[in-house]
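Asker: Put chain B on the given structure of chain V with help from the hints.
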Amino acid sequence: MLNVSGLACSRGERRLFVDVGFSLAAGEWLHVQGDNGSGKTSMMRLLVGLSPADAGAIFWRGERAPSVEFRRDLIYLGHHAAVKEDLTPLENLRLAAALDGVALDERGALAALIRLGLRGREELPVRVLSAGQKRRVLLARLLTRPADLWVLDEAFNALDVAAVKLLGDLIAEHLAAGGMAILTSHQPLPVPGGKALVL
Amino acid sequence: MNAFFATVRRDLLLAMRRKSEVLTAVFFFVIVTSLFPLGIGPEPVLLKKIAPGILWVAALLATLLGLPRLFAADHVDGTLEQMALSPSPLGLLVAGKILAHWLLCGLPLVLLAPVLGLQFDLDASALGILTLALLLGTPLLSLIGAIGAALTLGVRGGGVLLALLVLPLYIPALIFGAGAVEAHIAGLDVGGHLSLLAAMLVLAAFFAPWATTAALRIALE
Numbered sequence: 001m002l003n004v005s006g007l008a009c010s011r012g013e014r015r016l017f018v019d020v021g022f023s024l025a026a027g028e029w030l031h032v033q034g035d036n037g038s039g040k041t042s043m044m045r046l047l048v049g050l051s052p053a054d055a056g057a058i059f060w061r062g063e064r065a066p067s068v069e070f071r072r073d074l075i076y077l078g079h080h081a082a083v084k085e086d087l088t089p090l091e092n093l094r095l096a097a098a099l100d101g102v103a104l105d106e107r108g109a110l111a112a113l114i115r116l117g118l119r120g121r122e123e124l125p126v127r128v129l130s131a132g133q134k135r136r137v138l139l140a141r142l143l144t145r146p147a148d149l150w151v152l153d154e155a156f157n158a159l160d161v162a163a164v165k166l167l168g169d170l171i172a173e174h175l176a177a178g179g180m181a182i183l184t185s186h187q188p189l190p191v192p193g194g195k196a197l198v199l
Numbered sequence: 001m002n003a004f005f006a007t008v009r010r011d012l013l014l015a016m017r018r019k020s021e022v023l024t025a026v027f028f029f030v031i032v033t034s035l036f037p038l039g040i041g042p043e044p045v046l047l048k049k050i051a052p053g054i055l056w057v058a059a060l061l062a063t064l065l066g067l068p069r070l071f072a073a074d075h076v077d078g079t080l081e082q083m084a085l086s087p088s089p090l091g092l093l094v095a096g097k098i099l100a101h102w103l104l105c106g107l108p109l110v111l112l113a114p115v116l117g118l119q120f121d122l123d124a125s126a127l128g129i130l131t132l133a134l135l136l137g138t139p140l141l142s143l144i145g146a147i148g149a150a151l152t153l154g155v156r157g158g159g160v161l162l163a164l165l166v167l168p169l170y171i172p173a174l175i176f177g178a179g180a181v182e183a184h185i186a187g188l189d190v191g192g193h194l195s196l197l198a199a200m201l202v203l204a205a206f207f208a209p210w211a212t213t214a215a216l217r218i219a220l221e
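Heads up: the protein sequence lines correspond to chains V and B, in order. When we follow my numbering, the leftmost residue of the first sequence carries the number 1, and every step to the right adds one. When we follow my numbering, the leftmost residue of the second sequence carries the number 1, and every step to the right adds one.
Wrong hints could be hidden among the right ones.
Covered stretches of chain V, going by a simulated chain B footprint (3 or more residues, C-beta under 8 Å) [claimed, not checked]:
no., segment
1, 19–33
2, 43–57
3, 81–91
4, 94–108
Because the hints were derived from the structure by calculation, they are not lab data. As the structure is a computational prediction, the values presented were derived from the model and not from experiment. Even glycine gets a Cβ: it sits at the ideal position worked out from N, Cα and C.
In isolation and in its complexed conformation, chain V is listed as follows (with noise of 0.2 Å):
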């Protein structure tokens, strides 16, 4: 469903990647893996539509990528928290989702929360909370919003044991669903299966 090909790359003058071409069908997940400055997130942000490719082309159930039925079925977690420190988590996740369309009740985004391990912590600003528990924050949002395509980018940094366990099975369930998953981490992740893409 997901078919990139000839994907190519560079920052100034260096060439990050050149010819990367993967597919993803439903249930698959693909884990990009490489050296520190390789082009990891580069990679990731090409495969979203935030930074053009110099070449290359990104197909989505048969539609050239970036489009807006591909961002629909889109979920992109990068580096940043993405939250508002300012608001609860229960606003953020409702802003959030009201911001892409999505309805989203306020027990649905609490057992979202819950699940994500931040119950007693909706109603706090997230400024309070640790940096795990932010990305937690974020982390809910996978489960608030429907996609079919998770682009994760080191998300697993910064989680305790627990929560690595807890995005594990989220993402297996997610596959398990039929959807697709494309990871980078340095660690070995807890999902099963995978095919591996080395920058």
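Answerer: Below, chain B alone, put in the same frame as chain V:
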């Protein structure tokens, strides 16, 4: 359209949690416009003559004060990235942010202007024209300013660059906005001035969100 109103609501909520940022621009406007009558002294004829220009220049600078923050926070914490990847059109979300900026930085100036105009011995009808001109002009300032804010996003020392970029573009609004009040005081028809302001507003409302969106996409690359 829901995404548009959600953006407005979000930015208003964020501003309520951090009131000082909004109040800075409003207090700046109040203090600058109050300093002139105090400095010049009780000379009603002179004050009346310079009132439109001073109120408009102060409104211009007060708007400029809040502009660097329009997209900066969203850029730093990554929410702008999420907005760019949202299924809702980025232009719609950007338009929501501009509306929120006007509600927070422009509308208070419009509401305060008649009170502050009293210090310059403006009569009721002149105050009415001033308020009307600002009501048409301040959204224009927010719209044009948003383009500048997006273009200077992430640039070191962007604030100064923003002023250099945006202030020349504010000149037509200043000329026709202040001109409307001056014309009224001189007993001339103000229809032309206000119509031109309104025309510029319509034009900017159409093009500015689009141009801002394009600039934001470049800033995100």
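Asker: All hints, please: hold or fail.
Answerer: Hint check results:
1. With 0 residues having a Cβ less than 8 Å from any Cβ of chain B, the segment 19–33 of chain V misses the three-residue criterion, and the hint is violated.
2. With 5 residues carrying a beta carbon less than 8 Å from a beta carbon of chain B, the segment 43–57 of chain V meets the three-residue requirement, and the given coverage holds.
3. Counting residues of the segment 81–91 of chain V whose C-beta sits closer than 8 Å to any C-beta of chain B gives 8, which meets the bar of three, so the coverage hint holds.
4. Under the rule that three or more residues need a Cβ within less than 8 Å of chain B, the assignment of the segment 94–108 of chain V holds, with 6 such residues.
Hint compliance for this structure: hint 1 alone is broken.
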